[in-house]
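*Asks:* With positions in the sequence shown counted from 1, the corresponding number in this note's numbering is that position plus 30.
Because the hints were derived from the structure by calculation, they are not lab data.
Incorrect hints may appear among the rest.
Unchecked claim - Calculated lysine to any residue pairs in the SDA-like style (CA-CA distance at most 20 Å, straight line):
no., residue 1, residue 2
1, K58, V34
2, K55, E33
3, K35, K58
4, K39, Q53
5, K48, L37
6, K55, G42
7, K55, V34
8, K55, E44
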Amino acid sequence: MIEVKNLHKGFGGEPVLKGISTQFKNGKTNLIIG
31 MIEVKNLHKG
41 FGGEPVLKGI
51 STQFKNGKTN
61 LIIG
């Protein structure tokens with residue numbers, strides 16, 4: 031399993047992701063669209 035906690039990301043000074051947390055379970059396919 032992969033776990034992401036409190037992820038923040040921005041491009042060109044603009045915030046895109048603000049405090050995202052999630053878990054990716056083994057054997058599953060996941061997709062993040064933004």
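*Asks:* Now tell me, hint by hint, if it's right for this structure.
*Replies:* Hint check results:
1. A C-alpha spacing of about 16 Å is found between K58 and V34, which places the hinted pair at or below 20 Å, so the restraint holds.
2. A hinted pair counts as satisfied when its Cα atoms are at most 20 Å apart, and K55 with E33 qualifies at roughly 9 Å.
3. For the hint linking K35 to K58, the alpha-carbon distance of about 19 Å falls within 20 Å, and the restraint holds.
4. With a CA separation close to 18 Å, the supplied pair K39 and Q53 stays within the 20 Å bound.
5. Among the hinted pairs, K48 with L37 is consistent with the structure: their alpha-carbon atoms are about 7 Å apart, no more than 20 Å.
6. The straight-line distance between the Cα atoms of K55 and G42 is roughly 32 Å, outside the 20 Å bound, and the hint therefore fails.
7. Restraint check for K55 and V34: the C-alpha separation of about 12 Å stays at or below 20 Å, so the hint holds.
8. With a C-alpha separation of about 30 Å, the suggested pair K55 and E44 falls outside the 20 Å cut-off, and the hint is violated.
Violation of the numbered hints given earlier is confined to hints 6 and 8; the remaining hints are satisfied by the structure.
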